[in-house]
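Put together the whole structure using the sequences plus the hints.
Same order as they appear, the protein sequences are chains V and W.
Throughout the first sequence, residue numbering follows my numbering, covering -6 to 161 in sequence.
Throughout the second sequence, residue numbering follows my numbering, covering 2 to 233 in sequence.
One or more of the hints may lead you astray.
Stated by the list, open to error - 25 Å max Cα-Cα, derived SDA-like pairs, lysine to any residue:
{"id": "1", "chain 1": "V", "residue 1": "157", "chain 2": "V", "residue 2": "145"}
{"id": "2", "chain 1": "V", "residue 1": "157", "chain 2": "W", "residue 2": "190"}
{"id": "3", "chain 1": "V", "residue 1": "157", "chain 2": "V", "residue 2": "67"}
{"id": "4", "chain 1": "V", "residue 1": "157", "chain 2": "V", "residue 2": "52"}
{"id": "5", "chain 1": "V", "residue 1": "157", "chain 2": "W", "residue 2": "89"}
{"id": "6", "chain 1": "V", "residue 1": "157", "chain 2": "W", "residue 2": "215"}
{"id": "7", "chain 1": "V", "residue 1": "157", "chain 2": "W", "residue 2": "41"}
{"id": "8", "chain 1": "V", "residue 1": "157", "chain 2": "V", "residue 2": "136"}
{"id": "9", "chain 1": "V", "residue 1": "157", "chain 2": "W", "residue 2": "186"}
{"id": "10", "chain 1": "V", "residue 1": "157", "chain 2": "W", "residue 2": "54"}
{"id": "11", "chain 1": "V", "residue 1": "157", "chain 2": "W", "residue 2": "229"}
{"id": "12", "chain 1": "V", "residue 1": "157", "chain 2": "V", "residue 2": "98"}
{"id": "13", "chain 1": "V", "residue 1": "157", "chain 2": "W", "residue 2": "136"}
{"id": "14", "chain 1": "V", "residue 1": "157", "chain 2": "W", "residue 2": "44"}
{"id": "15", "chain 1": "V", "residue 1": "157", "chain 2": "W", "residue 2": "37"}
What the hints assert, rightly or not - Which residues of chain W face chain V? A few of them, derived with a C-beta cut under 10 Å, are:
{"id": "16", "residue": "4"}
{"id": "17", "residue": "12"}
{"id": "18", "residue": "49"}
{"id": "19", "residue": "55"}
{"id": "20", "residue": "61"}
{"id": "21", "residue": "65"}
{"id": "22", "residue": "66"}
{"id": "23", "residue": "67"}
{"id": "24", "residue": "82"}
{"id": "25", "residue": "174"}
The hints are simulated quantities; they were obtained by calculation from the structure and are not laboratory data.
These numbers were taken from a predicted model, which means no experiment stands behind them.
Beta carbons are placed, not taken as given, at the ideal position from N, Cα and C, and that holds for glycine.
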Amino acid sequence: MSQDDDRRLVALYDAHGPSLWRYVVHLTGDPAGADDIVQETLLRAWRSPRILEQEPASTRSWMFTVARNLVIDEARSARRRHEIGVGELPDPGREDGTDQLFESLIIEEALAGLDFEHRAVIVHAYYGGCSIAEVARRLSIPEGTVKSRLHYGLRALRLALQEKGVTR
Amino acid sequence: MNPNHSRYADWDSAYVLGALSPAERREYEEHLETCDACRRSVAELSPMPGLLARLSADRAEALLEEPEGAMSSPHPALLDAVRREGRRRRLRRTRMRIVLAAAAAVVVIAAVAVPLSLMRPATDRQLVAFETVADRPVTASAVLTPVEWGTRIELDCTYETTPGEDHAEESWPYALVVIGHDGTTTEVSTWRATPGATARLEAGSALPVDQIASLEIRAVATGDVLMRSVAG
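Below is the structure:
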């Protein structure tokens, strides 16, 4: 393994590892199992030159998709092993209503892939129904910063959804 | 461009998400009347609230919570595990090559045998061929079987090796997408295409066979369509 190769791995981890881990825990509620999923996702990205050549945002969105699929695979094989339900784990495209579930999962994944500061303003402003002034108070940042984070954050989200084929 | 544009340049998202105060909203709407650039960005962002609405507020707000035992950066043990696993798979891959060559021979026999089995009248199975859309050395075929919950899809997808090219470390995530006559597009499965290897996978669609307009194989990274089923 070359030093360059190793540097790429560390850079991948630094850029995406922690947020990927949080997303997996969010999906599964299982911090212990999340390490394995993050590890496998990193490995796949690291071994795919085409993925590494992409813009960081595309690499990230690809890694989140890989991680989600690993979680789904894991859930399926667990179900095969035990023949019991696995809670509300997503299983896209199998049953009625799963299209909506799948769509919400894609939105969730795109949101989880944003930087924390961008995600925070969008969640407070949209889902929390807060005004700019309220978001600024909650996060202890100036109102101008809230507007500009919303501006960049919502654009990044739109880009991520475009890549997933959700919007034009 | 409107001379006041710089004051309003980053108000677009706040406006679209309904977060501006009533006074600011009026001010921004007045500006919109005279500024093409801002009108354009508002138009671009206008689908976003509808998309965000598909996720519940509970799930979205949970994305701001820090799970217990959050992973710190850097994480030496995990990185070491990735390095070890990377080395192990590189070794194994050389051995896999030989096995895959044998598997390819089996695929050829299967490709001949499946259409013959379809000539039996009692079966409802449908063999689907694919045509290449993008320039990739990929061949694929699928069998669709009607089942009570929709359609079972069995897909074989082979990525040929190109003589003289070394693909040792390459592989790409591909996705199988089902397009319905009603215009819906559903990704039903993903896998990694590796030169010299055949992926055999089984997927399902809630759509009945006669509601499936076509199948596509896409590159996950770019969304590009690589192969499309040929209408039979």
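Hint check:
At roughly 19 Å between alpha-carbon atoms, residue 157 of chain V and residue 145 of chain V fall within 25 Å of each other, so this suggested pair holds. Straight-line distance between C-alpha atoms of residue 157 of chain V and residue 190 of chain W comes to about 14 Å, which keeps the hinted pair within the 25 Å bound. At most 25 Å may separate the alpha-carbon atoms for a hinted pair to count; residue 157 of chain V and residue 67 of chain V meet this at roughly 22 Å. A distance of roughly 12 Å separates the Cα atoms of residue 157 of chain V and residue 52 of chain V; the hinted pair therefore holds under the 25 Å criterion.
Under the criterion of a C-alpha separation no larger than 25 Å, the hint pairing residue 157 of chain V with residue 89 of chain W is inconsistent with the structure, at around 32 Å. Distance hint between residue 157 of chain V and residue 215 of chain W is fulfilled; the C-alpha atoms sit about 19 Å from each other, no more than 25 Å. For the given pair, residue 157 of chain V sits about 23 Å from residue 41 of chain W by alpha-carbon distance, which is consistent with the 25 Å threshold. At roughly 31 Å between alpha-carbon atoms, residue 157 of chain V and residue 136 of chain V are farther apart than 25 Å, so this suggested pair is violated.
This hinted pair checks out: residue 157 of chain V and residue 186 of chain W have alpha carbons roughly 12 Å apart, not beyond 25 Å. Restraint check for residue 157 of chain V and residue 54 of chain W: the C-alpha separation of about 17 Å stays at or below 25 Å, so the hint holds. At most 25 Å may separate the alpha-carbon atoms for a hinted pair to count; residue 157 of chain V and residue 229 of chain W meet this at roughly 19 Å. At most 25 Å may separate the alpha-carbon atoms for a hinted pair to count; residue 157 of chain V and residue 98 of chain V meet this at roughly 11 Å.
Note on residue 157 of chain V and residue 136 of chain W: the hinted pairing holds, with a Cα-Cα distance of about 22 Å set against a maximum of 25 Å. Restraint check: the Cα-Cα separation between residue 157 of chain V and residue 44 of chain W comes to about 20 Å, which is no more than 25 Å; the hinted pair holds. Restraint check for residue 157 of chain V and residue 37 of chain W: the C-alpha separation of about 28 Å exceeds 25 Å, so the hint is violated. Annotation: residue 4 of chain W was flagged as interfacial toward chain V, and the flag is violated, the nearest CB pair being 19 Å apart, outside 10 Å.
Residue-level restraint check for residue 12 of chain W holds (minimum Cβ-Cβ distance to chain V is 6 Å; threshold 10 Å). A hinted interface residue such as residue 49 of chain W counts as satisfied when its beta carbon comes closer than 10 Å to some beta carbon of chain V; here the least separation is about 6 Å, so the hint holds. Checking residue 55 of chain W against chain V by beta carbon gives a least distance of about 5 Å; that is within 10 Å, so the hint holds. Contact between residue 61 of chain W and chain V, as hinted, is supported at the beta carbon level, the nearest pair being about 4 Å apart and thus within 10 Å.
Look at residue 65 of chain W: its Cβ gets to within about 6 Å of chain V, closer than 10 Å, so that hint holds up. This hint holds: residue 66 of chain W has a C-beta 8 Å from the nearest C-beta of chain V, less than the 10 Å allowed. Of the supplied interface hints, the one on residue 67 of chain W holds, with its beta-carbon coming within about 8 Å of a beta-carbon of chain V, less than 10 Å. Hint status for residue 82 of chain W relative to chain V: holds, with the closest Cβ pair at about 5 Å, below 10 Å.
Here the hint on residue 174 of chain W is kept, as its CB sits about 7 Å from the closest CB of chain V, short of 10 Å.
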